[in-house]
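Build out the structure end to end from the sequences listed, making use of the hints.
Residue numbers (our numbering), protein chains in the order written: chain D, 142 to 271; chain V, 766 to 908.
Just so you know, the hints here were simulated from the structure itself, not pulled from any lab data. Please read these numbers as outputs of a predicted model, since none were measured by experiment. Please note: incorrect hints may appear among the correct ones.
If the Cβ cut is set under 7 Å, some of the chain V residues that face chain D in the computed set are [unchecked claim]:
no.: 1; residue: Glu793
no.: 2; residue: Ile795
no.: 3; residue: Ser808
no.: 4; residue: Val809
no.: 5; residue: Gly821
no.: 6; residue: Cys838
no.: 7; residue: Met839
Negatives, chain V to chain D, calculated, CB over 10 Å [as the list claims (entries may be wrong)]:
no.: 8; residue: Gln774
no.: 9; residue: Asp792
no.: 10; residue: Arg802
no.: 11; residue: Gly828
no.: 12; residue: Ser842
no.: 13; residue: Gly843
no.: 14; residue: Leu846
no.: 15; residue: Arg851
no.: 16; residue: Arg852
no.: 17; residue: Val854
no.: 18; residue: Asp858
no.: 19; residue: Glu881
no.: 20; residue: Lys884
Where is the CB? At the ideal position from N, CA and C, for every residue including glycine.
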Amino acid sequence: MLPAMTDKTINDCIDAAIHQAGLCQAEDVPAAGAVLTDGAGIVASGRTRRVEMNDPIRFAAMDCISNAGRRNDQAELTLCLSHEPNWLEAGTIVQFGIGRVVVGDREALATSETLGFLKARQVSVEVVKD
Amino acid sequence: MAKALEMAQKSYDEGGVPVGAVMVEGDEVIAAGHNRRVQHDDSVSHGETDCLRQAGLRESYDGITLYTTLSPCMMCSGSVLQFGIRRVVIGEDENFPGNADFLRSRGVDVLILNDEGCKSLMGRFIKERPDIWFEDIAGREEV
Ligand SMILES: [Zn+2]
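Okay, structure coming up:
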């Protein structure tokens, strides 16, 4: 079961994701951050580290999901992202069945192909902040 | 595909999920990888993503063909789209349907070989370790 989240919890997680984005090294563009939460607390966080780690797949959501370790409770987790997900991140969210995605970029909602893809594949998508 | 299957067998011999992948440019294998969920405790290291990692950061994936022993899950299919890989050769899609049609719908050229060696190794692992296999795809055969 995907736990309900209060607006405050969601906003705190988005703030944490944006904080993560700020930790990216200058050459790791676009800077992006991600936080996984179970609704009560932060399970894992991550940021774009492709250049930092010489790892082409290390986008923010991938870093975060990898940092969360091997698990079986993805359907109960919410992934908060500072930006709209790219295709690798969106595919990973769908394959692992992450229950909810919150994106801190309101402009992305109407136009984002990947957010549309997530919704079509039964991921709950919310967008907060401007 | 022989090299990809060799990587899958290496992973199996290490107790890991036996999916292997190679990247080919022209006639040359430029990178090879395999699933490392068990070996590195890393959920995002599937055969395909590990192979992309072995190749390191690249400006372009033009002219790259990705070979994988098993039809790609949605994470690995997402990596194909993200990096603009135009051609994927799949060993088999009997043990896991994967997302060949999704990739084709996005303009990727996909070939499925129906390879007996790939089928028998993966089939054996799924019988022996259904728990690890289900964890690897989060229990989601179809997404
Ligand atoms: Zn995969």
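| Index of numbered hints that the structure contradicts, given in increasing order | Violated: hints 1, 2, 10, 12, 13 and 14.
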